[in-house]
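Chains as they are written, first to last, in the numbering used here: chain A, -8 to 199; chain B, -8 to 199; chain C, -8 to 199.
It is worth saying that the hints were derived from the structure and are not from the lab.
Note that the list lumps identical chains together, so a pair holds whenever it fits in one copy or between two copies.
Below 30 Å or equal to it, Euclidean Cα-Cα: the simulated DSS-like pairs (lysine-lysine) are:
no., residue 1, residue 2
1, LYS130, LYS58
2, LYS37, LYS160
3, LYS197, LYS130
4, LYS100, LYS160
All values derive from a computational prediction rather than experimental measurement.
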Amino acid sequence: MFFKFLPQAVNFYDLFDKQVDYAVDAAKYFKELVSKGAIDDASLEKMGTIEHQGDEVAHDIFNHLNKTFITPFDREDIHALAKELDNITDMINTIVSRLVIYKLNSVDKNLIQFSLVIEESVNAVACAVKGLRNIKNSKSIQDSCVEINRLENVGDAMRDTVLAELFEKTKDPIAVIKLKEIYQDAETVLDVCEDVTHVVGAILLKQA
Amino acid sequence: MFFKFLPQAVNFYDLFDKQVDYAVDAAKYFKELVSKGAIDDASLEKMGTIEHQGDEVAHDIFNHLNKTFITPFDREDIHALAKELDNITDMINTIVSRLVIYKLNSVDKNLIQFSLVIEESVNAVACAVKGLRNIKNSKSIQDSCVEINRLENVGDAMRDTVLAELFEKTKDPIAVIKLKEIYQDAETVLDVCEDVTHVVGAILLKQA
Amino acid sequence: MFFKFLPQAVNFYDLFDKQVDYAVDAAKYFKELVSKGAIDDASLEKMGTIEHQGDEVAHDIFNHLNKTFITPFDREDIHALAKELDNITDMINTIVSRLVIYKLNSVDKNLIQFSLVIEESVNAVACAVKGLRNIKNSKSIQDSCVEINRLENVGDAMRDTVLAELFEKTKDPIAVIKLKEIYQDAETVLDVCEDVTHVVGAILLKQA
Chain A
-8 MFFKFLPQAV NFYDLFDKQV DYAVDAAKYF KELVSKGAID DASLEKMGTI EHQGDEVAHD
52 IFNHLNKTFI TPFDREDIHA LAKELDNITD MINTIVSRLV IYKLNSVDKN LIQFSLVIEE
112 SVNAVACAVK GLRNIKNSKS IQDSCVEINR LENVGDAMRD TVLAELFEKT KDPIAVIKLK
172 EIYQDAETVL DVCEDVTHVV GAILLKQA
Chain B
-8 MFFKFLPQAV NFYDLFDKQV DYAVDAAKYF KELVSKGAID DASLEKMGTI EHQGDEVAHD
52 IFNHLNKTFI TPFDREDIHA LAKELDNITD MINTIVSRLV IYKLNSVDKN LIQFSLVIEE
112 SVNAVACAVK GLRNIKNSKS IQDSCVEINR LENVGDAMRD TVLAELFEKT KDPIAVIKLK
172 EIYQDAETVL DVCEDVTHVV GAILLKQA
Chain C
-8 MFFKFLPQAV NFYDLFDKQV DYAVDAAKYF KELVSKGAID DASLEKMGTI EHQGDEVAHD
52 IFNHLNKTFI TPFDREDIHA LAKELDNITD MINTIVSRLV IYKLNSVDKN LIQFSLVIEE
112 SVNAVACAVK GLRNIKNSKS IQDSCVEINR LENVGDAMRD TVLAELFEKT KDPIAVIKLK
172 EIYQDAETVL DVCEDVTHVV GAILLKQA
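The task is simple: from the sequences and hints, build the whole structure.
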């Protein structure tokens, strides 16, 4: 009877590694797409698949969390971490969809810049998250978090510059509506990466 | 002395039934309003009243939660469920207010389509939430959640199509600003319904 | 060995007083800036400093929370309160940045009106938060919360009127895009103040 209630052994670290790898895939593929300009249906579908796979790992984590008594760190932190990692992949996928819906087909130098910063930040997120498995080496996790915060500030400044320029130079209001949303979305990805550092920071502090 | 601290017996199921009924009322009335086009002051007030009544039940739930030791399911899930149900009614009310403020007076076929999907989704939310009272019959709750997820996907595709068309056909930027926000809001209602399924799923898993 | 795990004594009330004082500073300085119109680089930097200082107190609270076993009220409420107070200062700073980026240099009577309501509301938030130290005098905390809710309703009505007027009178779509966002942001500050009353209400109820 008792064993009935015992969950299957699940390794949350493995699930988080898998989830953050999808975020890295999304960021990398996003960079490729914006450097080429026009996004075709096959590319849109491929990005949608990455997002869907990341989503499934997130749901795996939520499900295991609801059935597991003993977790490697606080339940609320596991939930928050899975949620934020999901938000990264989601937001990148949303930007790609919007580029297609808004028929933004030409190469946009600002967006390429954003995609480079996003890729760097998501890579640092992967280092921080994968580092949790070996939490005694918290120095390297902290270094990644500092880097993510730095890149969020870089993104903030980029968005401000790019929006000021957009309003200065673009006279077509429809183009302003579209690009303003895309640039703000791009900066939001970096905000979400920073949210990950808050969860990771809480985990580190509680284990210290 | 001790009895002083005992809360009045409160039935959270009754409160959730009441709250979700207001969401159903809001969705139904929303469908009526957009099928007629112009929204007059009396209609705006009626929708505001539904929203206000739903809000009061949400606060009842929060207050009882803060004073009750024993709850039918996890406190955090009760809080999240009341919050998400409140968000449904709130968002529908916001759309109606915006239609008035933006003086969008004519019948919009896209919005009628959204209102039909929203009504279906909120009805399924009501089935899922009312099913919690008899959690052993979790099959029917799960069916409702699958349906809500399906309708969210329908809404996503609708929003994408409708926005692409809006940017294609509408040359007046002011009209684009207004309708873009309204369509995105309409899809947000379906997102919030999907958020309810996440809370309901967590409740089911924990009780399994 | 045991003492190693004992946190330094920290007074959460002192930290919240400090944090809410930065919110008050931000609201007051915001009112000054919009009454003058054009915002220069020095003013932008000063507002950024206030926001940064508030942010640091928020992080202090989160860090102490993760290292402290005994807290004056529920951990989740401490976290939520610090988060919402941070959101107030953040949102005010965001508005100021946007005014600069959008080159909105002239005195805007609507924004002055908003800034007055925001200052009143943030002052009431300060009274509510500082009142928590002496929770037996909950009457005065409740009065502040009632006032914050009243001001949120005032802000809602203001935003609706101001947006209706904007769409009525302003023919330049670019100006509409900019001002619509600014007015909605201004109302969001009042929403966040109202969110504080929800946390404060939960704290009062649990201690009752």
